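Residue numbers (full-length UniProt numbering): 1 to 136.
Treat the hints with care, since some could be wrong.
[Stated by the list, open to error] Derived CB-CB ranges, DEER-like:
no.: 1; residue 1: F72; residue 2: Q28; range: 22 to 28 Å
no.: 2; residue 1: K110; residue 2: Q25; range: 15 to 21 Å
no.: 3; residue 1: R113; residue 2: M63; range: 33 to 39 Å
Keep in mind that the hints were calculated from the coordinates and are not lab data.
Note that the structure is a prediction, hence the values are computed from the model and not measured.
Glycine included, each C-beta is placed from N, C-alpha and C at the ideal position.
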Amino acid sequence: MIREIMHDTWFLSQKSEKATKEDAQIAQDLLDTLKANEEGCVGMAANMIGERKRIIVVNMGFMNTIMYNPVFVKKTGKYQTEEGCLSLIGVRKCTRYEEIEVEYEDINFKKQRGKFQGWTAQIIQHECDHLEGILI
Numbered sequence: 001m002i003r004e005i006m007h008d009t010w011f012l013s014q015k016s017e018k019a020t021k022e023d024a025q026i027a028q029d030l031l032d033t034l035k036a037n038e039e040g041c042v043g044m045a046a047n048m049i050g051e052r053k054r055i056i057v058v059n060m061g062f063m064n065t066i067m068y069n070p071v072f073v074k075k076t077g078k079y080q081t082e083e084g085c086l087s088l089i090g091v092r093k094c095t096r097y098e099e100i101e102v103e104y105e106d107i108n109f110k111k112q113r114g115k116f117q118g119w120t121a122q123i124i125q126h127e128c129d130h131l132e133g134i135l136i
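When you get a sec, could you build the whole thing from the sequences and use the hints?
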């Protein structure tokens, strides 16, 4: 189901809680909402649709991928950039890393570990900031 985008900064600044298998519908709603906003959006976190769960969806170029409970295990190649967000007006300066390694659970809640770089790494970092209540 396509959900309304959350713009309430108080809500968006709250940390998200661990996702469980019972949150699968939230992940599907995230995928549907990302697809509906694909012209101006490349990733989403659950709090962007009003759910405080540790779920992100990321456009990997060829498909949109769900990541439950992502955690960074490595970051290299620090740089400064500016980003916009579907939930917030304007752009903000932020620090990102060119290469990241992330542990997460996939669509079946199977533990995964992935290495990402460039644009995909930047998207994942932005969405994970949402999970921590960081407004970027």
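Right, here's what the structure says about each hint:
no., hint, result
1, F72 with Q28: 22 to 28 Å, "holds (25 Å)"
2, K110 with Q25: 15 to 21 Å, "holds (19 Å)"
3, R113 with M63: 33 to 39 Å, "violated (19 Å)"
Checked against the numbered hints given earlier, this structure breaks only hint 3.
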